[in-house]
Each structure stands twice: as structure tokens, then as C-alpha cells.
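As they're listed, the protein sequences go chains P and L. If you're matching positions, the first sequence starts at 1 in this note's numbering and goes up one per residue. If you're matching positions, the second sequence starts at 1 in this note's numbering and goes up one per residue.
No lab work stands behind these hints: they were computed from the structure. If a hint is listed, it holds; no wrong ones were tucked in.
Here are the simulated lysine-lysine pairs, DSSO-like style, with alpha carbons at most 30 Å apart:
id, chain 1, residue 1, chain 2, residue 2
1, P, K140, L, K26
2, L, K66, P, K222
3, L, K95, P, K222
Computed from a predicted model, the values in this text were never measured in an experiment.
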Amino acid sequence: MQEQYTILVVDDEPDLQPLILQRMRRDIRAGRYHFVFAQNGIEALQKLSQDDGIDMVLSDINMPQMDGLTLLEQIPKVDPNVRSVIISAYGDMKNIRTAMNRGAFDFVTKPIDFEDLKVTIGRTLRHMAEWREALLARDKLVVLQNELSVARQMQQSILPTQFPQSPGYSVYGKMEAARNVGGDFYEVLPFDDGQIGLAIADVSDKGVPAALFMMASRTLLKSIAMGQSDPGQVLGELNELLEEDNEEGMFVTLVYGVYDPSTRELTYANGGHNSPVVVHRDGTSELLPLTEGIALGVQPMLRYAQNTVQLSPGDRVVFYTDGVTEAMDGDGEQFGLERLSKLFESPAAPQDPESANLLVFDAVNTFVGDTPQSDDITCLTLSCSEA
Amino acid sequence: MTVTTERNGDVLIAKTEGRVDGTNAKDFQVLLEDAIDANETAVLLDLEQLSYISSAGLRVILLIAKSLRNQKAKFAACSLSAPIREIFEISGFDKIISIHDSQAEALAALR
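If we strip away everything but chain L, and leave its shape as in the complex, we get (with noise of 0.2 Å):
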């Protein structure tokens, strides 16, 4: 698993590759807490190249989504294949953290 970061303007942008489970679901916490500083406005989490996310890994996302929030702070995720927005589905963690089909469409609704 790896987090990628690059910035598009205001909105930090987090692409997570491979798979997080419970293994390596707090390796996914630092890396994310580390690369998001305390005077963010917007982060996209870009799921395109995640091949697996177990409830371990959903915790983290919602960790983070929660602790955006308290810093008033934007949060969107993008690019989800199938089956992981299965997972977000059948979680309902689609209808608590907004997602979007693709980076370009996030990143105008997060603006």
C-alpha cells in the first residue's frame, strides 16, 4: 500500500494504491495524518488504484473524514472501481463521505 500526494490549488489530493486491511490499516493513518497539515481546507482521496479496503482501512477514512470536519475542512473521495464501492455502499459509508466518478468531478465540487 502507498499514499501519493500532490496538490491541485487549494485541494490536497491523497492517491492510495494497492491494499488496506488490518495488517497495514495504521501504516494508511500516518501516512494520511502526515501528509495533511493542520491548515487544510479540501483533501480528495483518490481510491482509483485501491484494490482492497477492509473495515480496518474504513475506520481510518472515517477518522480522518471526522477530524477534517472538526478543522472545518473539505473531504471528498474519488475514482472508486466496483467492488470497493461495494464496500462503501453496503457500509453506507457512501452516504457519510461524499464520492465522485472521477478526480475532475471532485475536485469542482470541492472548489
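One chain only, chain P, in its complex shape (with noise of 0.2 Å):
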């Protein structure tokens, strides 16, 4: 069924009553047209209060008690979304003028022309359907951005912000989404022993997909790691898991690496992830050596290398997303893995987990600038102590 119309006609002499109901009857006879009439501004108001279904108005400018250009005035108090047209003498441009200033939609003038004001109404009526409809999608959209901040409150909750303390060592993470959700995700898993996992991951692309892989990714990690100590076998079990009914393509790179303070080795396995970086105490870095391991989720039955070194008490492992090597300046110039070595060149650079990273972010926001952050950036920092 169409939608029908209803229009709230304004005007104090009797004979523009019947005359509407004439010549607009066709209209009327099919349901598209419904007209209420008033005699002047105020009675105008009071119908508009009373029945909310009034779509536009048409009025005279000169009425009794209230004309039309005060009652031009008054809709929007009553209704902001009905759009009125306006009757005014012909050449009577002041009115006009004044009636369009203060919110009408359109004019016709005296003599009324019938065919005129068909196409007036009719295009008056399109334009409130169209604004109705905008309305409707704002909110939606506005329901879908509550959502998503429900949504990035619940990712941000799930990422450890309480850190283990321990004389070996201690720990520090972050993750800054580019979107209201990320893909990026980190993870710190202190075992019963004493050894703690540490992880760092980033989903294919970026908002919601990215965030839904994310949370079964970590999830998933987190449960296999408490009962698999071998980062390497670790990665092929989240590997299998995460390759089931992959249908859309999505993929994971993770870093899961254990490390025993009381041995100061981290063993690691890379899933196609950027390798963390490790500092020195003197200001010297080098990578972690990559172990050949291809991304998460896009092959099955893949195994994966382990490797493992050993740290000395000043060392600070840097793991990293993509996010921070590749954030980019105004110009397109990359971040890139130097700058990020060279942020702990100093033997000044800081020792503990919190200022490292707090460092990283920094640099990376003031080498960006302006420019919008176009992917998640993640930094985890684990720094070794004498134990």
C-alpha cells in the first residue's frame, strides 16, 4: 500500500477549501492526499500538536490573529520535520523572501495555478520522504556506533592491562586501534613455573572482521598455551584450529614466545609476523631470527620452527605490529624497523617495559603528524632483570 499524505492548508478565506477538494480530488479519491484545514496561524499550530501524521503545510501570508510568516516561525517548535510552502500575492518578493529566510521549503502565488502547485506539493512531499529516510539511517547509524564502542570497550577489556611483577623480569603492552575495534592483540600468560608466554598478533585488515578473528585467535591461543609449552607446536595447533572453515581468507600473524627468567631464554615461534626487536643494554639491537613460519590460518597441517636465545639482564625484547614500522608520514615515508632501533640507541633509553613502550608510541605519533592512523599499532616490551 502507498503511503498517503497529509496536508495541513492554512488559509482564512472560505473559498480555497472547496477549491482544493475539487481539484485535487483525484489525488484524494486515491488515497495518495489527505487535507486538513485552518483558518489561521494559531489554529494551525494547534492542529499540528494535536495530529502528529501532518506531513507539510500550506499557507496564506496575511491571516488574522497569527499570519504566515510568524506561523513559519512556529512549526519548527512543534514539528522540525514538516516542510511548508507558502501562498503569497504575485510579485509580493519581500514575503517571499522573508517566508523562504525563515525555513519555507517553497512558494506558489495568487491565483493559485492548480498544475503549479501539483508539482510543487509533489516535490515538497519527495523531499520530506527523502529527508524521513535520512533520519532513519542516521539513526542506525548512530545505533551502530554505540555498538561499536560497546564493541572496542570489550576488545580493549579483554588485552592485559595488569602486568606480573617478578624479579626477573617485567612486562608492558598497548594496543592503539585504528578503527573503534582492531585486529591487533597481544597476550601475557604467567605460568605456575615461573616461565611467562608473551604474545603478539596481527589479523588481516582492519574493524570488525579483523576484531571477530581476533577475539577466536586470542581465545584460542590462550587455551592452547596453558596446556603446550613449545611455542613451535603451539602455533601449529592454533594453526589447524584457525584454518577450519576459513572461508573468508583471514589470516594471523603471531610471535608466541616463552621465557624463563631463571634461565633468561626465550623460545619463540613466528607465525609470518615482523620480528621483535631485541636491545641491549649498550644501546645495540638486532632481530629476533625469523623461523620461517608462514601466517596463521591460511594453510593447514603447517609446522612451525622454534628458536631460542638467551637474554642478559638489560636486554628489552620489543614485539611489534606492522602499525609501527609502517605508520606513515605526509609524505608516505615509512617508520620503518631503523627508527624504531635507533629510539634505543642511547644506553639512556628506558629500562623498564612501561617508558619503552610509551617511547615507541611517541615517536610514532609525532613522526605521523596529521596524518590519520591508518592501521592498529601494538607494542609489547619484556624487560630482563637480574633474577
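Using the hints, put the two standalone chains together into the complex.
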């Protein structure tokens, strides 16, 4: 069924009502238009506030009690979404301009040309319908944005913000999503035997699909790592689970390592992720050697090699996502690995992982300047000390 | 980002130019999917003019590779610049997609 529009006609002259009913009879009979009438502005406002089904107002200017120009000012207070068309004397530009400036949508002149009036009403109502659709779309968008911001809070709340303290090490991590929700994550898992599991990961693409895959990856990683201490095995099992039913071709790059503070050994496996940087006390640094792993979720039955490095007190291992190294400035230049290593060149570079992390985030933010953040930025730092 | 295609015998060559990131990865996917016929037997992605690719772009290449594998077609990439090759190497994609130094080398392998 098509929508019926209600039009309020405001005029003190008694002959307009029968004329409109007669000339618009086809539209009335077809159920397209329904007309209601008022004698002046005050009565019009009463009708508008009583009947919320009125879609547009067609009003004369000169009327007793409240004229059309005053009415135009009052209508938005009753219903801001009603559109008004005014009827003015031919050539009365002064009043027409005043009416338009007060928010009239259009005008017709006397004597009324009914063909012109039909076109004007049609145009006004089409505009009205589009306006309502836009309002609905805006409301939906607001709902969606609210949902996204809840999702953002949920996502941020599953990332560790309390970090285990131990005489042998300290650790700190942070993720800044480019959009409401992101595809990066980090994980810190303290084990009963004093070892600690550390992970950083980056899901392909960004936004909601990445966030869903991220949540699954993180939950699976956590449960696998709880029962399995070999990082290579953890990645292998995680890969199998992520690859199953992954029609969308999503994947996650991930480094998972286990640090033993009693031996200061870090055993890790890398599934297609940027190599973490090891910074030594004297400011020199190197990348953790790659373990030739493929991004997870891409292909089944993969074996992931692991590697062990010996760390020393004062060493910091900076895990990061490509949001750090591929952060771009206004000229399209990337932050790069070199800038990241240089941050820690000075022997005065921070030892504690929170300050080290802050140093990275500050440097990236300064580097990109006003350029909008295009990727999630995540950094997790492990700092080794005497046990 | 642009994708231009040409045929060399049975091989469809798709040349990608510019940047592929999260903002245009979907376009990249549509361009490639439109260019590739259902009965295609070999596709070569020439990435010589590709200046940057994000993980969203890698995902598209992965999807294309998977669907070509399903239709038993061959797939390869060639002429990657050093930074692009590094992205493929770090992510391990160089181990699941065959990569060649030049178009001639890739064409020889695809035949």
C-alpha cells in the first residue's frame, strides 16, 4: 500500500477549501493526499500539535490572529520535520524572501495555478520522504556506532592491563586501534613454574571482521598455551583451528614466546610476523631470527619451527605490529625498523617496559603528525633483569 | 591502484600498480575476480609496479590463490620490488605462492 500524505492548508479565505478539494479530488480519491484545514496560524499550530501525521503545511501569508510568516517561525517548535509551502500575492518578493529565510521550502503565487501547486506538493513530499529516510539512516548509524564503541570497550578489556611483576623481568603492552575495533592483540600469560608466555599478533585487514577473528585467535591461543609449552607446537595447533572453516581467507601473523627468568632463555616461534627487536643494555640491537613460519589460518598441516635465544640483564625485547614500522607520515614515508632501533640506541633509553613502550608510541605519533592512523598500533615489551 | 590485464598464450597476466591497503583491498579483489574467467588455467600477478601492500591486500591474493587452486588453475607472482618481497617473506606467503624474479621466468614456469 502506498503512503498517504496529510497536508494542512492554512487560509482565512473560505473559498480555498472547496477549490482544493475539487481540484485535488483525484489524488484524494486515490488515497494519495488527505487535506486538513485551518483558518489562521494559531489554529494551524493547534492542528499540528494534535495531529502528528501532518507531513506538510500550505499556508497563506495574510491572515488574522497569526499570519503565515509568524506561523513559519512557530512550526519547527512543534514539529521540526514538517515542510512548509507558502501562498503569496504575485510579485510580492519581500514577503516571499522573508518566508524563505524563515524556512519555507517553496512558494506558490495567487491566483493559484493548480498544475504548479501539484508539482510543488509532489516535490515537497518527495523531499520530505528522503529527509525521513536520511533521519532513519542516521538513527541506525548512531545505534551502530554505539554498538561499536561497546565492542571497542569489550576488546580493550580482554587485553591485559595488569602485568605480572617478577624480580627477573617486567613486561608492558598496549594496543591503539585505528578504528573503533582492531585486529591486533597481545597476550601475557604467567605460568605456575615462573615462566611467562608472551604473544603479539596482527589479523589481516581491520575493523569488525578483523576484530572477530582477533577474538577467536586470542581465545584459542590462550587455551592452547595453557596446556602446551612449546611455542612451535602452540602455533601449529592454533593454525589448524584457525584454518578450519576459514572461507574468508582471514589470517593472523603472530609471535609467541616463553621466557624463563631462571635461565633468561626466550623460546619463540614466529608465524609470519615482524621479527621482534632485542635491544641490549649498551643500545645495540638486533632482530630475533625468523623461524620461517607462515601466517596462521592460511594453510593446514603446517609445522612451526621454534628458536631459543639467551638474553642478558638489561636486554629488552620489543614485540610490535606493522602498525609501528609501516606508520606513514604525510609524504608517504614509513617509520621503519631503523627508526625503531634508533630509539633505543642511547644507553639512557628506558629500561622499564612501560617507558620503553611509551617511547615507541610517542615517536610514531610524532612521526605521522596529522596523518590519520591507518593501522592498529601495538607494542609489547619484555625487560630482563637479574633474577 | 590499477590492475591491467593482458594474455600471453594461456596465461592471464594481471599487472598491479600503486598501493593496495585496507581502503582499496575490496576494489583490488573485484578487479582481479572480474579479470579472471571461470575456465582460466594460469594466472600471473605481475607486481613490479606495486608500491605497497598491507595485510588486507595479502588476504585478497590469498583468496585468489585459493579459488584458482579450486579450479585447478596455476598461479604465480613475479617481479616483486625488495620491500614487497620482504612483506611476502615475513608473512611466509613466499612459501605458499610461487614467486619469480621476472615475468619471463614466471611464464616459463606456468607453461
